[in-house]
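The task is simple: from the sequences and hints, build the whole structure.
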Amino acid sequence: MSLDSKPVNHVVASSDIVSEEFDGEFVVLDLSCGKYFSMDETASAIWRAIVAGISTQSLAEAAGTEGAVNSASILEFLEKLVGFGCLTPSDAPGSTSIDSALIQLLATSDKPPTVEVFDDLADLIMADPIHDVEEASGWPVRKTEAA
Amino acid sequence: MASAQDGSSLSALRERYATKIFDFCQTVLDFADQKFGILPAKLTFNVSGKSLRFGFSSPDYADLCARAYLPEFVQQNSSDRQIRLAILDKVSLPDLPIWSAASPGMGNVVAALAERDLRGAFDPDHFIWYIYDARRALGVQVMPSFDSRPAWEASFPVRLLVHWSARSSTRGMIHAGTLGLNGSGVFLAGAGGAGKSGTTLSGIINGLQSAGDDYVAIEVIGDRVEARPMLRLMKQDATGLHRLGLGSTSRVFEGPNWQEKFEFDFDKLKPGSRTDQLAMKAILIPQISKAQTSSFRPASGREAMMALAPSCLYQLSGSWKEDFSLLASVVRAVPAFHLALSENPTEIAHAIRAFIEKGAP
Numbered sequence: 001m002s003l004d005s006k007p008v009n010h011v012v013a014s015s016d017i018v019s020e021e022f023d024g025e026f027v028v029l030d031l032s033c034g035k036y037f038s039m040d041e042t043a044s045a046i047w048r049a050i051v052a053g054i055s056t057q058s059l060a061e062a063a064g065t066e067g068a069v070n071s072a073s074i075l076e077f078l079e080k081l082v083g084f085g086c087l088t089p090s091d092a093p094g095s096t097s098i099d100s101a102l103i104q105l106l107a108t109s110d111k112p113p114t115v116e117v118f119d120d121l122a123d124l125i126m127a128d129p130i131h132d133v134e135e136a137s138g139w140p141v142r143k144t145e146a147a
Numbered sequence: 001m002a003s004a005q006d007g008s009s010l011s012a013l014r015e016r017y018a019t020k021i022f023d024f025c026q027t028v029l030d031f032a033d034q035k036f037g038i039l040p041a042k043l044t045f046n047v048s049g050k051s052l053r054f055g056f057s058s059p060d061y062a063d064l065c066a067r068a069y070l071p072e073f074v075q076q077n078s079s080d081r082q083i084r085l086a087i088l089d090k091v092s093l094p095d096l097p098i099w100s101a102a103s104p105g106m107g108n109v110v111a112a113l114a115e116r117d118l119r120g121a122f123d124p125d126h127f128i129w130y131i132y133d134a135r136r137a138l139g140v141q142v143m144p145s146f147d148s149r150p151a152w153e154a155s156f157p158v159r160l161l162v163h164w165s166a167r168s169s170t171r172g173m174i175h176a177g178t179l180g181l182n183g184s185g186v187f188l189a190g191a192g193g194a195g196k197s198g199t200t201l202s203g204i205i206n207g208l209q210s211a212g213d214d215y216v217a218i219e220v221i222g223d224r225v226e227a228r229p230m231l232r233l234m235k236q237d238a239t240g241l242h243r244l245g246l247g248s249t250s251r252v253f254e255g256p257n258w259q260e261k262f263e264f265d266f267d268k269l270k271p272g273s274r275t276d277q278l279a280m281k282a283i284l285i286p287q288i289s290k291a292q293t294s295s296f297r298p299a300s301g302r303e304a305m306m307a308l309a310p311s312c313l314y315q316l317s318g319s320w321k322e323d324f325s326l327l328a329s330v331v332r333a334v335p336a337f338h339l340a341l342s343e344n345p346t347e348i349a350h351a352i353r354a355f356i357e358k359g360a361p
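Protein chains in written order, with my numbering: chain A, 1 to 147; chain B, 1 to 361.
Incorrect hints may have been included.
Said to hold, decoys possible - So, partial list: chain A residues that the calculated Cβ filter (under 10 Å) puts toward chain B: (1) 16; (2) 18; (3) 21; (4) 23; (5) 26; (6) 32; (7) 39; (8) 40; (9) 44; (10) 116.
Claimed, not checked - Computed footprint of chain A on chain B, listed as stretches where at least three residues anywhere in the stretch have a Cβ under 8 Å from a Cβ of chain A: (11) 298–306; (12) 312–326.
For the record, the hints were derived by calculation from the structure and aren't laboratory data. The beta-carbon is built from N, C-alpha and C at its ideal position, and this holds for glycine as well.
Spelled out as structure tokens, the structure:
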């Protein structure tokens, strides 16, 4: 993939995104929707780099264009995390100081970063009557009542 | 497509709604504060080292709690304030404030109160509010009537208020089974149906001890994790009892309950099986298999977290951020193993006994 156009940086989407690391692997929880994200070692290394403020371009360049983990798979993974609501694009300048261990891991990983999504808590959290409120009439009149 | 103005309007509406929720909860807390002294039934329990004084508008609810909780009257630290938990219903207290607007969602209540230093939750199916104010050391559970409680309430009544009031950064409750021997123990973690309760019951029948098969109090002390019992009962369905050679007609077994499970005081079923405390040595993630013998293999911390966290956070709502962190500290402190269960309950119990005595084979 060409990196002629500089890719946008990414940051953690909000304070509702919390994560815990276990021997190099992350479990991420989105408190706003109750979804869990379980990341393998490669995905976790990329997540750790993003949380540390590494720029997307630096990550992509470090991965190169060959191998299972390359610039394309990294950008695809980051877009997936944006779609999940874990990350958001950012105009802020990112850091370029990638440590050698991460470069080594990206070079030697034999599969692209993977993340599993679990939504056990989602139905507890997602009910939101605000969406059902008729704004013209004002809360607490529901849309069905106002119609 | 939504305009920026629409977004702003929705945001303002959401803020008004959150304020309304908060104001209502403050009114209910004030009401509970005023009425607590005249509530007709009171009980005191010690959970995670904190003294919880329950007050009930319905004496029937006191009976429910007395049946479920262990009567542990430990001398509390004199510097600790006793925490008051009021369980109120509209039938017994007709002047109880009511929420007369659209039912909020769980997320609305949790977020609205967390931003204002309260904890809260709302059960829209049973129209029950749960509110806790740590600064006032006061919690309140508000429901339409005693009969409007959820079917599962009898197993662990007032669970959210107890969970919030007894928790700290190092203490809380965990949704897992436990087995132990000579003060050392293991957690049994995983989704429902994985074999946690059956394995726990098999263990105590075969000479192991337990702090509980469903919820236990935990404390993380550096790299150590301790588990203590707080609930009196275990549950098992008729098939599970039969598999262990137990007949459900014994007077020890009550029920069946709403899950078609029989409830029983496990220390009465097997005297001496309830331990006061266990130093936890491992998290076991059981899985039913067709193997001749049970076997253990290491599990990653990520796998242990995914076995523990979903059910813990689902069952114990309203403090997810803090509980996620506490569970992570448990997982980091204790190694995890997959446990492939054989079809022989006695063999399973012996395998776990050997694991506790000698570590992973």
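Next on the checklist: Restraint: residue 16 of chain A near chain B, CB-CB cut 10 Å. Satisfied or not?
Outcome noted: 9 Å, holds
Item to check | Minimum beta-carbon distance criterion (10 Å), residue 44 of chain A to chain B | outcome: At about 8 Å, which falls below the 10 Å cut-off, the nearest Cβ of chain B leaves the hint on residue 44 of chain A intact, so it holds.
Next on the checklist: Hint validation: residue 39 of chain A versus chain B, beta carbon distance must be below 10 Å. Holds or violated?
Outcome noted: With a closest approach of 8 Å, the residue 39 of chain A hint holds.
Item to check | Three-residue Cβ test at 8 Å for the coverage of the region 312–326 of chain B by chain A | outcome: Holds, because 7 residues of the region 312–326 of chain B bring their Cβ atoms closer than 8 Å to Cβ atoms of chain A.
Next on the checklist: Under 10 Å is the threshold here; is the Cβ of residue 23 of chain A close enough to any Cβ of chain B for the hint to stand?
Outcome noted: At 5 Å from the nearest chain B Cβ, residue 23 of chain A passes the 10 Å test, so the hint holds.
Item to check | Residue hint residue 116 of chain A, partner chain B, criterion CB-CB below 10 Å | outcome: Holds - the Cβ of residue 116 of chain A comes within 10 Å of chain B, reaching about 8 Å at its closest.
Item to check | Agreement of hint residue 26 of chain A with chain B interface, Cβ distance less than 10 Å | outcome: 8 Å, holds
Item to check | Closest C-beta approach of residue 32 of chain A to chain B relative to 10 Å, hint status | outcome: The hint holds - residue 32 of chain A has a Cβ within 10 Å of chain B, the shortest such distance being about 7 Å.
Item to check | residue 21 of chain A as chain B interface residue, shortest Cβ-Cβ below 10 Å | outcome: 8 Å, holds
Item to check | Residue hint residue 40 of chain A, partner chain B, criterion CB-CB below 10 Å | outcome: For residue 40 of chain A, the interface hint holds, since the closest Cβ of chain B sits about 8 Å away, which is under 10 Å.
Next on the checklist: If you count the residues of the region 298–306 of chain B with a beta-carbon closer than 8 Å to a beta-carbon of chain A, do you get 3 or more?
Outcome noted: With 6 residues closer than 8 Å to chain A, the region 298–306 of chain B meets the three-residue bar; holds.
Item to check | Supplied contact hint for residue 18 of chain A, tested at 10 Å Cβ to chain B | outcome: 6 Å, holds
Checked against the numbered hints given earlier, the structure satisfies every one of them.
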